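K.L.:
Sequence:
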Amino acid sequence: MASSSSFLPSSSSLVRQNHFQKTSSLKATSLAKRQVTVFKKARELSILCGIEVCVIYYGSDGELKTWPKDREKVKDMARRYSQLSDMKRRKGETKLQHRLRGAVESQRQRNMYYTTMAGQEQMNHLQQHSDQVSMDQYNHGTRTLPQLPVSTSAFNQSQ
Numbered sequence: 001m002a003s004s005s006s007f008l009p010s011s012s013s014l015v016r017q018n019h020f021q022k023t024s025s026l027k028a029t030s031l032a033k034r035q036v037t038v039f040k041k042a043r044e045l046s047i048l049c050g051i052e053v054c055v056i057y058y059g060s061d062g063e064l065k066t067w068p069k070d071r072e073k074v075k076d077m078a079r080r081y082s083q084l085s086d087m088k089r090r091k092g093e094t095k096l097q098h099r100l101r102g103a104v105e106s107q108r109q110r111n112m113y114y115t116t117m118a119g120q121e122q123m124n125h126l127q128q129h130s131d132q133v134s135m136d137q138y139n140h141g142t143r144t145l146p147q148l149p150v151s152t153s154a155f156n157q158s159q
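Read in UniProt numbering, the sequence shown has 77 at position 77, and its numbers run on one by one without any break.
One or more hints might be untrue.
No more than 25 Å apart at the CA atoms, straight line, and that leaves these computed lysine to aspartate or glutamate pairs for DMTMM-like [stated by the list, open to error]:
#1 K95 <-> E63
#2 K73 <-> D86
#3 K33 <-> D61
#4 K95 <-> D61
#5 K73 <-> E44
What follows is a list of derived Cβ distance ranges for each label pair [to be verified]:
#6 M117 <-> K95: 28 to 36 Å
#7 A28 <-> E105: 38 to 46 Å
#8 G50 <-> S82: 31 to 39 Å
#9 H125 <-> K91: 29 to 37 Å
Think of the hints as simulated: they come from the structure by calculation, not from any bench.
All values reported here derive from a predicted model rather than from experimental measurement.
Backbone N, C-alpha and C define an ideal beta-carbon position, used for all residues, glycine too.
Let the hints inform the model, and build the full structure from the sequences given.
P.N.:
Laid out in structure tokens, this is it:
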């Protein structure tokens with residue numbers, strides 16, 4: 001004969017069920033906060049950049065939510081986007097690789113500019129103080145000029 005206690009959930013299953021409910025509730029709250037933030041950012045983007053923005057979002061309950069709230073505007077934007085050719089759709093996309101490549105190239109050009117400027121400053125210094133520095137001692141690898149007196153460079157040149 002089965003006891004009536006076999007139909008009652010165990011304490012460990014109650015703990016697991018309670019934990020699942022808390023986790024699910026936290027996820028739903030987090031998702032709701034993110035949705036508010038995304039809608040706020042879409043509004044700010046449309047105002048600051050003067051562009052049309054729409055967000056289509058399905059909540060955890062499956063309910064469709066859009067920004068702007070006017071569904072006709074959203075449908076119109078979605079229709080216009082779907083009618084664009086693939087080439088025009090891709091034109092507006094930015095890919096991380098392209099952005100990084102551009103940033104690296106820009107930094108490389110800045111480095112070349114500063115290196116050139118530093119070399120020019122050293123050459124200007126050399127011209128201003130030519131009686132104190134020997135041209136034979138210029139280190140092309142590191143682009144440095146040792147501060148050697150002329151008597152030392154004259155010694156090296158005589159050998």
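K.L.:
For the pair H125 and K91, does the Cβ-Cβ distance stay inside 29 to 37 Å?
P.N.:
Violated: the Cβ-Cβ distance is about 50 Å, outside 29 to 37 Å.
K.L.:
For the pair supplied as a hint, K73 and D86, confirm whether the alpha-carbon distance does not exceed 25 Å.
P.N.:
Given that 25 Å is the threshold and the Cα spacing comes to 22 Å, the pair holds.
K.L.:
Does the alpha-carbon distance linking K95 and D61 stay inside the 25 Å limit?
P.N.:
32 Å, violated
K.L.:
For the pair supplied as a hint, K33 and D61, is the alpha-carbon distance within the 25 Å limit?
P.N.:
15 Å, holds
K.L.:
Are A28 and E105 spaced within 38 to 46 Å by their CB atoms?
P.N.:
45 Å, holds
K.L.:
So does G50 sit 31 to 39 Å from S82, Cβ to Cβ?
P.N.:
23 Å, violated
K.L.:
Check the hint pairing K73 with E44 against an upper bound of 25 Å on the C-alpha distance.
P.N.:
Measuring from Cα to Cα gives roughly 17 Å; hence the hint holds.
K.L.:
Is it true that the C-beta distance of M117 to K95 lies inside 28 to 36 Å, as the hint says?
P.N.:
33 Å, holds
K.L.:
Quick one, are K95 and E63 close enough, alpha carbons at most 25 Å?
P.N.:
Distance of about 31 Å is beyond 25 Å: violated.
The structure is inconsistent with the numbered hints 1, 4, 8, 9, although it conforms to all the rest.
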